[in-house]
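The listed protein sequences derive, respectively, from chains A and B.
Per the numbering used here, the first sequence starts with residue 2, numbered consecutively.
Per the numbering used here, the second sequence starts with residue 11, numbered consecutively.
Read the hints as simulated data drawn from the structure, not as lab findings.
We put the beta carbon where it would ideally sit given N, CA and C, even for glycine.
One or more of the hints may lead you astray.
What the hints assert, rightly or not - Below 25 Å or equal to it, Euclidean Cα-Cα: the simulated DSS-like pairs (lysine-lysine) are: (1) B:K444 - B:K30; (2) B:K245 - B:K233; (3) B:K233 - B:K388; (4) A:K251 - B:K384; (5) A:K93 - A:K31; (6) B:K354 - B:K108; (7) B:K373 - B:K388; (8) A:K246 - B:K245; (9) A:K93 - B:K170; (10) B:K248 - B:K277; (11) B:K277 - B:K258; (12) B:K444 - A:K93; (13) B:K245 - B:K214; (14) B:K444 - A:K251; (15) A:K95 - A:K31; (16) B:K221 - A:K57; (17) B:K373 - B:K384; (18) B:K277 - B:K233; (19) B:K233 - B:K201; (20) B:K214 - B:K233; (21) B:K30 - B:K101; (22) B:K373 - B:K354; (23) B:K277 - A:K225; (24) B:K30 - A:K225; (25) B:K71 - A:K246; (26) B:K248 - A:K246; (27) B:K201 - B:K108; (28) B:K248 - B:K233; (29) B:K221 - B:K71; (30) B:K444 - A:K95; (31) B:K384 - B:K170.
To be verified - Residues of chain A clear of chain B, computed beta-carbon distances all greater than 12 Å: (32) G43; (33) L54; (34) E58; (35) D91; (36) L129; (37) G163; (38) V271.
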Amino acid sequence: MTSSLLFNITTFAYLISMLAFFAFLASRAKGLGVAAMSVAYGGLLAQTVAIALRWKESYDMGVGHAPMSNLYESVVFFSWTIVLIYALLDFKYKYRVIGAFVMPFALLGMAWAQLGMNTGIEPLVPALQSNWLLYHVITCFLGYAAFAVACGISIMYLLKAGSESVADKVAGSGLMAMFPPTRVLDDLNYRAIMIGFPLLTLGIITGAAWANYAWGTYWSWDPKETWSLIVWFVYAAFLHARITKGWVGKRAAWLSIIGFAATIFCYLGVNLFLSGLHSYGGGK
Amino acid sequence: MTTQKKDFLHSLWDFFCSLKLTMFLLISLAIISIIGTVIPQGTPHPEYLAQISATKLSLYKALGFFDMYHSWWFILLLYLLTVNLTACSIKRLPHIWKIITQPVTVFDHTFERSLTNVATFSSQEEPVVLKERLVALLEGSFATPVITEADGAWHLFAQKMPWCRLSVYVVHLSIIVIFIGTMVGSLFGYKAYVNIMEGESVAKVVTRSEKELDLGFSVRCDKFSASFYASGAPKEFKSILTVLENGKPVPGLEHTAIIVNDPLTYKGITFYQSSYGDASRFLFTVTDLDGKNAVPVTVLGTEPVSLPDGSEMHVLESTPDIAPYSPGLSGPAANVEIHTPDGKSERLVVYANHPELNIEHAKHHGKGPVLQYKEGDKRMYTGLQVAKDPGVGIVWLGCFLMVFGIFTAFFFSHRRIWVRIQAGTVTVGGNASKNQGAFQQSFEHLVERLKADLTKEKQQ
Numbered sequence: 002m003t004s005s006l007l008f009n010i011t012t013f014a015y016l017i018s019m020l021a022f023f024a025f026l027a028s029r030a031k032g033l034g035v036a037a038m039s040v041a042y043g044g045l046l047a048q049t050v051a052i053a054l055r056w057k058e059s060y061d062m063g064v065g066h067a068p069m070s071n072l073y074e075s076v077v078f079f080s081w082t083i084v085l086i087y088a089l090l091d092f093k094y095k096y097r098v099i100g101a102f103v104m105p106f107a108l109l110g111m112a113w114a115q116l117g118m119n120t121g122i123e124p125l126v127p128a129l130q131s132n133w134l135l136y137h138v139i140t141c142f143l144g145y146a147a148f149a150v151a152c153g154i155s156i157m158y159l160l161k162a163g164s165e166s167v168a169d170k171v172a173g174s175g176l177m178a179m180f181p182p183t184r185v186l187d188d189l190n191y192r193a194i195m196i197g198f199p200l201l202t203l204g205i206i207t208g209a210a211w212a213n214y215a216w217g218t219y220w221s222w223d224p225k226e227t228w229s230l231i232v233w234f235v236y237a238a239f240l241h242a243r244i245t246k247g248w249v250g251k252r253a254a255w256l257s258i259i260g261f262a263a264t265i266f267c268y269l270g271v272n273l274f275l276s277g278l279h280s281y282g283g284g285k
Numbered sequence: 011m012t013t014q015k016k017d018f019l020h021s022l023w024d025f026f027c028s029l030k031l032t033m034f035l036l037i038s039l040a041i042i043s044i045i046g047t048v049i050p051q052g053t054p055h056p057e058y059l060a061q062i063s064a065t066k067l068s069l070y071k072a073l074g075f076f077d078m079y080h081s082w083w084f085i086l087l088l089y090l091l092t093v094n095l096t097a098c099s100i101k102r103l104p105h106i107w108k109i110i111t112q113p114v115t116v117f118d119h120t121f122e123r124s125l126t127n128v129a130t131f132s133s134q135e136e137p138v139v140l141k142e143r144l145v146a147l148l149e150g151s152f153a154t155p156v157i158t159e160a161d162g163a164w165h166l167f168a169q170k171m172p173w174c175r176l177s178v179y180v181v182h183l184s185i186i187v188i189f190i191g192t193m194v195g196s197l198f199g200y201k202a203y204v205n206i207m208e209g210e211s212v213a214k215v216v217t218r219s220e221k222e223l224d225l226g227f228s229v230r231c232d233k234f235s236a237s238f239y240a241s242g243a244p245k246e247f248k249s250i251l252t253v254l255e256n257g258k259p260v261p262g263l264e265h266t267a268i269i270v271n272d273p274l275t276y277k278g279i280t281f282y283q284s285s286y287g288d289a290s291r292f293l294f295t296v297t298d299l300d301g302k303n304a305v306p307v308t309v310l311g312t313e314p315v316s317l318p319d320g321s322e323m324h325v326l327e328s329t330p331d332i333a334p335y336s337p338g339l340s341g342p343a344a345n346v347e348i349h350t351p352d353g354k355s356e357r358l359v360v361y362a363n364h365p366e367l368n369i370e371h372a373k374h375h376g377k378g379p380v381l382q383y384k385e386g387d388k389r390m391y392t393g394l395q396v397a398k399d400p401g402v403g404i405v406w407l408g409c410f411l412m413v414f415g416i417f418t419a420f421f422f423s424h425r426r427i428w429v430r431i432q433a434g435t436v437t438v439g440g441n442a443s444k445n446q447g448a449f450q451q452s453f454e455h456l457v458e459r460l461k462a463d464l465t466k467e468k469q470q
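Starting from the given sequences, assemble the full structure and let the hints guide the process.
And the structure:
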């Protein structure tokens with residue numbers, strides 16, 4: 002069994018899970034929801050084993066390092082954290098249908114990584130040879146993943162809120178009937194960001210600590226650093242929006258979506274469009 | 011006049027206390043920060059300048075876009091945010107402080123109406139016995155209550171984690187602490203850069219603002235080495251450094267290796283492996299075929315150098331002794347590449363101890379000139395970042411406070427339970443500072459437990 006085979010199985014599992022979630026939304030058959038979630042859990046397990054295997058394989062090659070060192074490895078890890086955070090929320094709050102809006106993010110990541118990227122294991126360049134790499138990447142990506150889940154929930158919130166304001170159609174019909182009430186979606190959005198915000202803060206701080214340790218400068222307004230701060234500002238605004246008149250509900254949901262768009266730009270856009278210190282620059 | 015002044019100060023205070031200002035500042039900072047990630051910061055490259063028009067350039071310069079994170083308007087926004095969060099905290103803190111230090115211990119009817127979680131049940135038990143039992147039960151399943159007797163009733167008050175109400179202010183404070191740390195760093199610290207050649211030492215470094223600074227000691231580079239993976243990607247950059255005080259090595263800091271991600275610190279000044287280069291010097295002379303008109307030529311590292319006849323030369327490799335490569339010959343030699351003005355290029359070996367071979371080569375190729383090698387000094391230099399930042403500890407303290415504050419703000423809740431025992435009726439009230447849904451469940455659970463325990467013991 003190689004990690005690459007397991008990653009392919011993972012991608013396939015996330016595809017099946019996503020389709021099952023869509024079918025669940027359309028048919029409202031409970032069994033489909035259970036099946037979709039089970040396949041997602043199966044995929045998460047396969048991916049966990051695959052990441053561990055790739056880690057071991059790098060040691061077998063004599064270039065041992067945590068599998069978080071280039072674009073391919075980070076996208077795979079991002080996808081893993083998204084399903085992990087979703088699984089945690091599902092475990093605690095049991096609003097299964099959210100999967101229909103979260104699994105597409107995980108699938109997109111895996112499909113892009115498996116089909117469009119060089120999957121080879123490469124040795125670490127001097128700048129990345131540090132234990133800080135592990136702490137920095139894990140905290141950042143868990144934070145990003147929580148924001149991805151919050152974004153999915155916010156999209157559901159806007160759809161639901163939109164359908165509620167467009168007159169009262171026949172109650173309980175259509176896809177929206179499956180959605181949790183807007184009050185619950187708003188609460189879940191907040192809870193996901195409650196997980197993401199401390200982790201992003203830790204991610205920025207571990208990055209600063211690493212930069213200080215490696216270069217003697219904890220903050221140099223590098224585009225990546227600046228964008229992480231922009232993301233932090235947006236979610237700080239989100240957290241204050243909840244106690245500010247006129248900012249609850251739809252505006253907060255939009256802030257969550259904008260926050261995730263900024264997150265994605267911080268993660269990918271900065272490397273693809275701007276220049277800076279982070280390693281997977283060329284995206285090859 | 012005074013009322014007007016008061017009104018003005020009042021509305022100014024309200025302005026700085028408003029959450030709308032917070033939202034405005036956070037969103038503005040997020041949007042404005044984008045500018046500096048799109049427009050290159052620092053001294054712009056000529057290629058970038060060629061891309062933009064002169065009007066744009068002067069506009070950007072006037073607005074401070076090339077150093078926007080230190081521009082007055084960006085700093086002003088940060089100051090406003092600091093004033094805003096300080097004002098908000100000052101406004102709300104006394105009220106929160108009162109909740110923590112002077113809790114409502116008497117559970118009267120007016121207060122009862124302000125709570126969302128209230129339950130009532132009756133008991134035939136003597137009020138004093140009932141009180142003792144409830145105290146014991148609360149102690150066991152929630153927290154030790156404060157007992158007050160008022161208006162002919164017993165009032166119990168118990169709470170958990172009152173201090174977590176302060177966590178938001180800890181986060182606000184942490185931001186100010188971080189700002190103080192950065193200011194200490196920029197006032198009393200510096201960032202500098204220094205190149206040291208192998209075998210040489212330096213006692214001065216050049217700061218980013220081009221100022222020369224005395225270290226107070228010196229640093230010698232004993233050796234620099236770079237290694238690469240088979241793919242050509244860099245594997246390790248390593249400098250061996252020795253710290254010298256009055257020319258003598260400091261014990262424990264002799265021949266210390268530093269690599270990227272593993273710096274060296276002495277007297278609060280840290281040296282980071284940052285870059286490297288070739289600092290070799292090769293000495294040649296160029297003469298006519300008959301040995302006249304000698305011109306000395308010095309080649310630095312891998313840099314090309316112009317020869318008197320207009321061609322360009324650079325050194326490919328050199329050796330202090332050619333014997334192992336060319337039996338029968340001896341002494342220093344250099345392998346060089348020459349590009350002539352008419353576009354031809356050739357590679358040749360130039361010797362120090364065999365001028366006849368150098369002349370022969372020149373004759374073979376025309377009328378000269380003749381290249382003579384004298385000696386080579388092959389070595390590397392290491393480029394080090396030098397930093398002194400006495401504020402960094404304060405920044406980490408601020409970061410710690412921030413993480414601690416955020417975690418307690420999100421994951422802890424101040425929970426309070428009141429119980430009133432009056433004329434055979436037990437009234438329980440509850441309140442939490444956060445996570446109302448979860449609290450409601452645990453409140454109902456607690457009430458069930460109190461009820462069950464009291465009735466069970468009565469039946470025995």
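To see whether the hints hold, each was checked on the structure:
Among the hinted pairs, B:K444 with B:K30 is consistent with the structure: their alpha-carbon atoms are about 22 Å apart, no more than 25 Å. Our distance criterion of 25 Å between C-alpha atoms is met by B:K245 and B:K233, whose separation comes to about 17 Å. For the hint pairing B:K233 with B:K388, the CA-to-CA distance comes to about 12 Å; that is within 25 Å, so the pair holds. Restraint check for A:K251 and B:K384: the C-alpha separation of about 79 Å exceeds 25 Å, so the hint is violated.
Our distance criterion of 25 Å between C-alpha atoms is met by A:K93 and A:K31, whose separation comes to about 19 Å. Restraint check: the Cα-Cα separation between B:K354 and B:K108 comes to about 89 Å, which exceeds 25 Å; the hinted pair is violated. For a cut-off of 25 Å, the pair hint linking B:K373 to B:K388 is broken: about 29 Å separates their Cα positions. Proximity of A:K246 to B:K245 is assessed by CA-CA distance (about 55 Å); at most 25 Å being required, the pair is judged violated.
Of the pairs offered as hints, the one joining A:K93 and B:K170 holds, with about 23 Å between alpha carbons and a cut-off of 25 Å not exceeded. Between B:K248 and B:K277 the CA atoms are separated by roughly 22 Å; this keeps the pair inside 25 Å, and the hint holds. In summary, the hint linking B:K277 to B:K258 is supported, as the alpha carbons are separated by about 16 Å, within the 25 Å threshold. Restraint check: the Cα-Cα separation between B:K444 and A:K93 comes to about 17 Å, which is no more than 25 Å; the hinted pair holds.
Between B:K245 and B:K214, the direct Cα distance comes to roughly 30 Å. Violation of the 25 Å bound is thereby established for this hinted pair. This hinted pair checks out: B:K444 and A:K251 have alpha carbons roughly 22 Å apart, not beyond 25 Å. Distance hint between A:K95 and A:K31 is fulfilled; the C-alpha atoms sit about 13 Å from each other, no more than 25 Å. A C-alpha spacing of about 49 Å is found between B:K221 and A:K57, which places the hinted pair above 25 Å, so the restraint is violated.
Proposed proximity of B:K373 and B:K384 is supported: the alpha carbons are some 20 Å apart, at most 25 Å. Using a Cα cut-off of 25 Å, the hinted pair B:K277 and B:K233 holds, with the two alpha carbons roughly 22 Å apart. For a cut-off of 25 Å, the pair hint linking B:K233 to B:K201 stands: about 24 Å separates their Cα positions. Our distance criterion of 25 Å between C-alpha atoms is met by B:K214 and B:K233, whose separation comes to about 19 Å.
A C-alpha spacing of about 15 Å is found between B:K30 and B:K101, which places the hinted pair at or below 25 Å, so the restraint holds. Between B:K373 and B:K354 the CA atoms are separated by roughly 17 Å; this keeps the pair inside 25 Å, and the hint holds. Taking the CA atoms of B:K277 and A:K225, the gap is near 32 Å; set against the 25 Å cutoff, the hint is violated. Restraint check for B:K30 and A:K225: the C-alpha separation of about 28 Å exceeds 25 Å, so the hint is violated.
Proximity of B:K71 to A:K246 is assessed by CA-CA distance (about 39 Å); at most 25 Å being required, the pair is judged violated. As the CA atoms of B:K248 and A:K246 are separated by approximately 57 Å, the hinted pair breaks the 25 Å bound. Of the pairs offered as hints, the one joining B:K201 and B:K108 is violated, with about 46 Å between alpha carbons and a cut-off of 25 Å exceeded. Distance check on the hinted pair: B:K248 and B:K233 sit about 8 Å apart at the alpha-carbon level, within 25 Å; holds.
Using a Cα cut-off of 25 Å, the hinted pair B:K221 and B:K71 holds, with the two alpha carbons roughly 24 Å apart. Taking the CA atoms of B:K444 and A:K95, the gap is near 21 Å; set against the 25 Å cutoff, the hint holds. For the suggested pair B:K384 and B:K170, the alpha carbons sit about 84 Å apart, so the restraint of at most 25 Å is broken. Interface exclusion of A:G43 from chain B stands, the closest Cβ pair being 30 Å apart, more than 12 Å.
Even its closest Cβ contact with chain B, about 23 Å, leaves A:L54 beyond 12 Å, as expected for a residue assigned away from the interface. With 12 Å as the threshold on Cβ separation, the claim that A:E58 sits away from chain B holds: the shortest Cβ distance comes to roughly 17 Å. Distance check for A:D91 against chain B: the nearest CB is about 17 Å away, which clears 12 Å, and the non-interface claim stands. The claim that A:L129 lies off the interface is violated: its Cβ sits roughly 8 Å from the closest Cβ of chain B, which falls inside the 12 Å cut-off.
The claim that A:G163 lies off the interface holds: its Cβ sits roughly 23 Å from the closest Cβ of chain B, which is beyond the 12 Å cut-off. With 12 Å as the threshold on Cβ separation, the claim that A:V271 sits away from chain B is violated: the shortest Cβ distance comes to roughly 7 Å.
Violated hints for the displayed structure, listed by number in ascending order: 4, 6, 7, 8, 13, 16, 23, 24, 25, 26, 27, 31, 36, 38.
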